[in-house]
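**Student:** Residues per chain, in single letters:
There are 4 protein chains.
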Amino acid sequence: MSVLLEFSITPLDKGESVGKYVARSIDLVDKSGIDYQLGPMGTSIEGEWDDVMAVVKKCFDEMKRDCRRISVAMKADYREGASNRIRGKVESVEKRLGHPVKK
Amino acid sequence: MSVLLEFSITPLDKGESVGKYVARSIDLVDKSGIDYQLGPMGTSIEGEWDDVMAVVKKCFDEMKRDCRRISVAMKADYREGASNRIRGKVESVEKRLGHPVKK
Amino acid sequence: MSVLLEFSITPLDKGESVGKYVARSIDLVDKSGIDYQLGPMGTSIEGEWDDVMAVVKKCFDEMKRDCRRISVAMKADYREGASNRIRGKVESVEKRLGHPVKK
Amino acid sequence: MSVLLEFSITPLDKGESVGKYVARSIDLVDKSGIDYQLGPMGTSIEGEWDDVMAVVKKCFDEMKRDCRRISVAMKADYREGASNRIRGKVESVEKRLGHPVKK
Numbered sequence: 001m002s003v004l005l006e007f008s009i010t011p012l013d014k015g016e017s018v019g020k021y022v023a024r025s026i027d028l029v030d031k032s033g034i035d036y037q038l039g040p041m042g043t044s045i046e047g048e049w050d051d052v053m054a055v056v057k058k059c060f061d062e063m064k065r066d067c068r069r070i071s072v073a074m075k076a077d078y079r080e081g082a083s084n085r086i087r088g089k090v091e092s093v094e095k096r097l098g099h100p101v102k103k
Numbered sequence: 001m002s003v004l005l006e007f008s009i010t011p012l013d014k015g016e017s018v019g020k021y022v023a024r025s026i027d028l029v030d031k032s033g034i035d036y037q038l039g040p041m042g043t044s045i046e047g048e049w050d051d052v053m054a055v056v057k058k059c060f061d062e063m064k065r066d067c068r069r070i071s072v073a074m075k076a077d078y079r080e081g082a083s084n085r086i087r088g089k090v091e092s093v094e095k096r097l098g099h100p101v102k103k
Numbered sequence: 001m002s003v004l005l006e007f008s009i010t011p012l013d014k015g016e017s018v019g020k021y022v023a024r025s026i027d028l029v030d031k032s033g034i035d036y037q038l039g040p041m042g043t044s045i046e047g048e049w050d051d052v053m054a055v056v057k058k059c060f061d062e063m064k065r066d067c068r069r070i071s072v073a074m075k076a077d078y079r080e081g082a083s084n085r086i087r088g089k090v091e092s093v094e095k096r097l098g099h100p101v102k103k
Numbered sequence: 001m002s003v004l005l006e007f008s009i010t011p012l013d014k015g016e017s018v019g020k021y022v023a024r025s026i027d028l029v030d031k032s033g034i035d036y037q038l039g040p041m042g043t044s045i046e047g048e049w050d051d052v053m054a055v056v057k058k059c060f061d062e063m064k065r066d067c068r069r070i071s072v073a074m075k076a077d078y079r080e081g082a083s084n085r086i087r088g089k090v091e092s093v094e095k096r097l098g099h100p101v102k103k
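Residue numbers (the numbering used here), protein chains in the order written: chain A, 1 to 103; chain B, 1 to 103; chain C, 1 to 103; chain D, 1 to 103.
Hints were generated in silico from the structure; no laboratory data involved. A few of these clues could be false.
Said to hold, decoys possible - Computed cross-link-like contacts, DMTMM-like style, restricted to lysine to aspartate or glutamate with a CA-CA straight-line distance of at most 25 Å:
#1 K89/D to D27/C
#2 K89/B to E62/C
#3 K20/A to D30/D
#4 K95/C to D13/B
#5 K20/C to D66/A
#6 K20/D to D66/B
To be verified - Every beta carbon over 10 Å from chain D, so not counted as near; a handful from chain C, in silico:
#7 V18
#8 G33
#9 D51
As the list claims (entries may be wrong) - Quick look at which bits of chain C chain A covers, simulated, 3 or more residues with Cβ under 8 Å:
#10 3-13
#11 67-73
Glycine included, each C-beta is placed from N, C-alpha and C at the ideal position.
Please take these sequences and the hints and turn them into a complete structure.
**Tutor:** This is how it looks when you write it as structure tokens:
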């Protein structure tokens, strides 16, 4: 019954270089124990709705400590009975195509 | 300290017409008491992070009752010390432009 | 065959107040002649794919003139044979619910 | 002057399993020659605005051939003077953290 969620969280008041704040979020995700995968435009995490949202909130609360304006984008995909989709979806595309893709 | 969040929640397994499921979500938002505004591509709600997320979860749980695959898109905008941005942001654009916009 | 698209375009290197840049985009949308509706979290526009994308690009090009880092979020909804969904989708929800909603 | 764009394109009228349509899009991306990376929730591509948008449009046009309702989500990140961010952004997070992340 788990959910796959990609999110990104970005401060708007820290100038064009926001890597320091992004790294702080990823560190929280990494230490949370949730299954995740970092991509160029966001981090995908997988788990129960409440667990997934708790990770996003932790990142948001951390960023609020020293950022005055924050933008959060989230996209969730739920599929009944499915699991390990964080790797499975890409593998399934490769199986259909019959060859590996860039990932 | 409130957050402005736009969200849309859509079943993928109900065919091209999903209005019945969308209406059910809006009904939940409307009855929740949270400040909201319905637009053509999503519903904006404003409040504390936990309150806003509780509304989204209620809509998700309701949709899970009879939908097997669900897509949720969310975009949040937090600004320290700001409030009533659900109307204020559009009014602020109109003030800057010096004329009303379509809304 | 038209597409309904909501977009927002935000500079990351201009500090927490980005209203000036947002207003400049809305002005371009307003003058473009495309059907649009401004909401608290984005602007919805409706038209053929190329026309809709030309408006987004115009806003992006304008912002690039004096912004070094820009974030663009877009969400499109295409439905064969449908039109005037920029107002029609909300009206359809109200019809289903049997009462007006906040919009 | 290139843009990093993540997109996903999904039919709503084909039931809960949409892998066939997703694979068709990825095949188009793969054959387009654009630099890309497939993730669990979307495909990131990098290039000039027009080139990136041409790839998305190709996928959309292909899907329109046999799908009646289509949802497209896109998120773009532009940074003046930056390039190869499709790999560089994740590497930069790892460098800051001082250890590899799941990717």
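**Student:** Now, for every hint given, state plainly whether the structure supports it.
**Tutor:** These are the hints, each one checked on the structure:
1. About 33 Å separates the Cα atoms of K89/D and D27/C, which puts this hinted pair outside 25 Å; it is violated.
2. Between the alpha carbons of K89/B and E62/C the distance comes to roughly 21 Å, so the proposed pair stays at or under 25 Å and holds.
3. Restraint check: the Cα-Cα separation between K20/A and D30/D comes to about 32 Å, which exceeds 25 Å; the hinted pair is violated.
4. Using a Cα cut-off of 25 Å, the hinted pair K95/C and D13/B holds, with the two alpha carbons roughly 23 Å apart.
5. For the hint linking K20/C to D66/A, the alpha-carbon distance of about 24 Å falls within 25 Å, and the restraint holds.
6. This hinted pair checks out: K20/D and D66/B have alpha carbons roughly 24 Å apart, not beyond 25 Å.
7. With a least CB separation of 15 Å from chain D, V18/C remains clear of the 10 Å interface cut-off, as annotated.
8. Against chain D, the non-interface label of G33/C holds: every CB pair exceeds 10 Å, the least being about 21 Å.
9. Every C-beta of chain D lies more than 10 Å from that of D51/C, the closest at about 12 Å, which supports listing it as non-interface.
10. Coverage of the stretch 3-13 of chain C by chain A holds. Counting CB-CB distances below 8 Å, 3 residues qualify, and the rule asks for three or more.
11. Judged by the Cβ-Cβ criterion of 8 Å, the stretch 67-73 of chain C is covered by chain A as claimed, because 4 of its residues qualify and three suffice.
Checked against the numbered hints above, the structure violates hints 1, 3; every other hint is satisfied.
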